[in-house]
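Novice: Sequence:
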Amino acid sequence: MVSSSPTDAERAHTYRGIPFEDRLTPHPTVVSWLVHHARTRGGAPFLTTVSGDGEPSTLTYGELDVLSRRVARWLRAELDIAPGRTVALAPANDPVSVVALLGVLRAGCALLLLGPQDPADRRRQQAEAARAQVVLRSPAVPAEALPEAVVIPDPGTLADPAGPDADPVLDPAQDALFFATSGSTAAAKLVAQSHYNAAVNAEALGRHHGLRPGDRLLGCLPVHHVNGLHFTVLGVLAAGAHVLLADGFAPLRYPRLLQRFRPRIASVVPSVLEALLETWRQPELPADFGYFVSAAAPLTVRTARAVRDRFGARVLQGYGLTETVNFSTTLPADLSEDAYRRLMLDTDIPSIGTALYGNEVAVLTPEGTRATPGQVGEICVRGHNVMSRYEANPHATAEAFAGGWFHTQDLGLEVTDPDCDGPFIVITGRRKNIAKVGGETVSLDEMDRVLRAHPQVRDAACAALPHRFLGEEIVAAVVPASGAQGPPDVRPALAAAFRPGVLPRRVELLDAIPRTRTGKVLRRELANRLAGTDTADGVHGPRTPATPDSPRPNSGSTR
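In this note's numbering, each residue's number is its place in the sequence shown (first place is 1) plus 6.
Keep in mind that the hints were calculated from the coordinates and are not lab data.
Note that this is a predicted model, so its numbers are computed, not measured.
Every residue, glycine too, gets a C-beta built ideally from N, C-alpha and C.
Be aware that one or more of the hints could be misleading.
Ranges between beta-carbon positions, derived for each pair [what the hints assert, rightly or not]: (1) Ser488 / Gln415: 34 to 40 angstroms; (2) Pro498 / Arg314: 41 to 47 angstroms; (3) Ser488 / Arg137: 43 to 49 angstroms; (4) Leu370 / Asp427: 17 to 23 angstroms; (5) Asp517 / Pro153: 39 to 45 angstroms.
Taking lysine to aspartate or glutamate and the EDC-like style, the derived pairs with C-alpha atoms no more than 20 angstroms apart in a straight line are [unchecked claim]: (6) Lys438 / Asp454; (7) Lys442 / Glu384; (8) Lys438 / Asp451; (9) Lys442 / Asp454; (10) Lys526 / Asp454; (11) Lys438 / Glu373; (12) Lys526 / Asp451; (13) Lys526 / Asp465; (14) Lys438 / Glu384; (15) Lys438 / Glu405.
Based on the sequences and whatever the hints tell you, model everything.
Specialist: Structural data, given as structure tokens:
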């Protein structure tokens, strides 16, 4: 019998020739990791949070096991949610949310993570796309933000399941998590991640960072994001370590958390480091502090150098996408001082590191061949951490897996270091018109469409400009419609479609949007034009951009 050739999707889910069905971790679901640690070290601390008055509260592995089983029973008995259904959750960085999300998974349900501050239409369409049976919210999420949501009850007041075998058997390939990608309500795609995707990524993070029982990690990123969930919560859980979960980032409070709880690792984004550099007047890290892990937005050499000089600490930059579960690469923790300087400090662009266990990362040419070191190509990923699919979007899924790799649309190159195994990856740009604002990924094309649909707008386009703290900021250029009385009030339309943190910082009025003769926006030219305008918030203009036939300013990189 002749076996058929593997499909592109099957090849995109292999790791060094190992098929997806051959598990790389002894516990192929995060629930099985939890049960294992509850049985072997149930009294060990898993989660510590700090209340507004500074009082810490700690949840052990054994307590998390019991309470998450109670939530699973509550979903089945009280809300009539059967295994295989989808539950939406708007969480906060609090114990009840962590218990609830693990309870949903224990119930055999898939979990859709919602941003509590997202526009209502965005959340509604995500819930509909995932066919969520119910929407839950943390008690810390205001009722007016999700009036339709069911408040998660105090898990300590819920009844215990009928017996020790009350949990349904989980299929590792079954859907576990749904996350929405960038774009407004209509443009966002829903990424489906399996139980095994999450488990193998958690295993990889523990291996890469050498996480062990008793290790402490400080996290402040929201758990409804892939980084905040998969690294801060699930990566620590799989390792049997201890997570210190802040309810957010407060620059004056954060140093006190570092000193009080003495973590070995802190998970951040570049804007957190920038804020600490601005506000921490007498920095002193704990003696046993290891390093910061930075992701979600580009880290500048200037920031990495300042953290090294001011704090005496390294920053390990990582990289990943929702479609690759979380981290695909991270700088190794055991680099020599010389190698660290070459890759992070004495370079133009800091490296995002090497591939983590369970996935392969390569820079490919347009022909699909491996780029030579130093040659720019598309960063592509394959492995057991690659998403299952884009929900209800087979065309986009097929495009993403073309040629047996997941195509990130990010451009980069491979570099080598004489002291290290490699290759190391460096990001140089993006293929798509995407902005990354404070860790949030935003579609500029979709923002253009929202603006152009405004009745007072004749034409519009957006550009991403470098920003010291956010990585990038968005600036919108608008051509008012004929007869418009004053500047168009476009902010309400944008606020209805996009998260508050990614809205354009400025709206500039132009006489015309620079375009090619076929109508394509000259986005780099637009960015160069907007970069030279007043940086204060507000609406400005009008200004006339260069046309395709007129002299233009130097068009350097906008990144």
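Novice: Determine for every hint whether it applies to the structure shown.
Specialist: How the hints compare with the structure:
In this structure the hint that Ser488 and Gln415 lie 34 to 40 angstroms apart at CB holds, the actual value being about 37 angstroms. Distance hint check for Pro498 and Arg314: the Cβ-Cβ separation is about 44 angstroms, which falls inside the suggested range of 41 to 47 angstroms. Between Ser488 and Arg137 the CB atoms are about 44 angstroms apart, so this pair conforms to the stated range of 43 to 49 angstroms. Take Leu370 and Asp427: their Cβ atoms lie about 21 angstroms apart, and the range 17 to 23 angstroms holds.
In this structure the hint that Asp517 and Pro153 lie 39 to 45 angstroms apart at CB holds, the actual value being about 44 angstroms. In summary, the hint linking Lys438 to Asp454 is supported, as the alpha carbons are separated by about 14 angstroms, within the 20 angstroms threshold. For the hint linking Lys442 to Glu384, the alpha-carbon distance of about 18 angstroms falls within 20 angstroms, and the restraint holds. Taken as a hint, the Lys438 and Asp451 pair is honoured in the structure, with Cα atoms around 9 angstroms apart against an allowance of 20 angstroms.
Pair hint Lys442 plus Asp454 holds up; C-alpha atoms about 16 angstroms apart against a cutoff of 20 angstroms. With a CA separation close to 12 angstroms, the supplied pair Lys526 and Asp454 stays within the 20 angstroms bound. Between Lys438 and Glu373 the alpha-carbon distance is near 18 angstroms, which keeps this suggested pair within the 20 angstroms criterion. Simply put, Lys526 and Asp451 have alpha-carbon atoms about 11 angstroms apart, close enough for the 20 angstroms limit, and the pair holds.
With a C-alpha separation of about 12 angstroms, the suggested pair Lys526 and Asp465 falls inside the 20 angstroms cut-off, and the hint holds. At roughly 11 angstroms between alpha-carbon atoms, Lys438 and Glu384 fall within 20 angstroms of each other, so this suggested pair holds. Between Lys438 and Glu405 the CA atoms are separated by roughly 14 angstroms; this keeps the pair inside 20 angstroms, and the hint holds.
The structure fails none of the hints (numbered hints given earlier).
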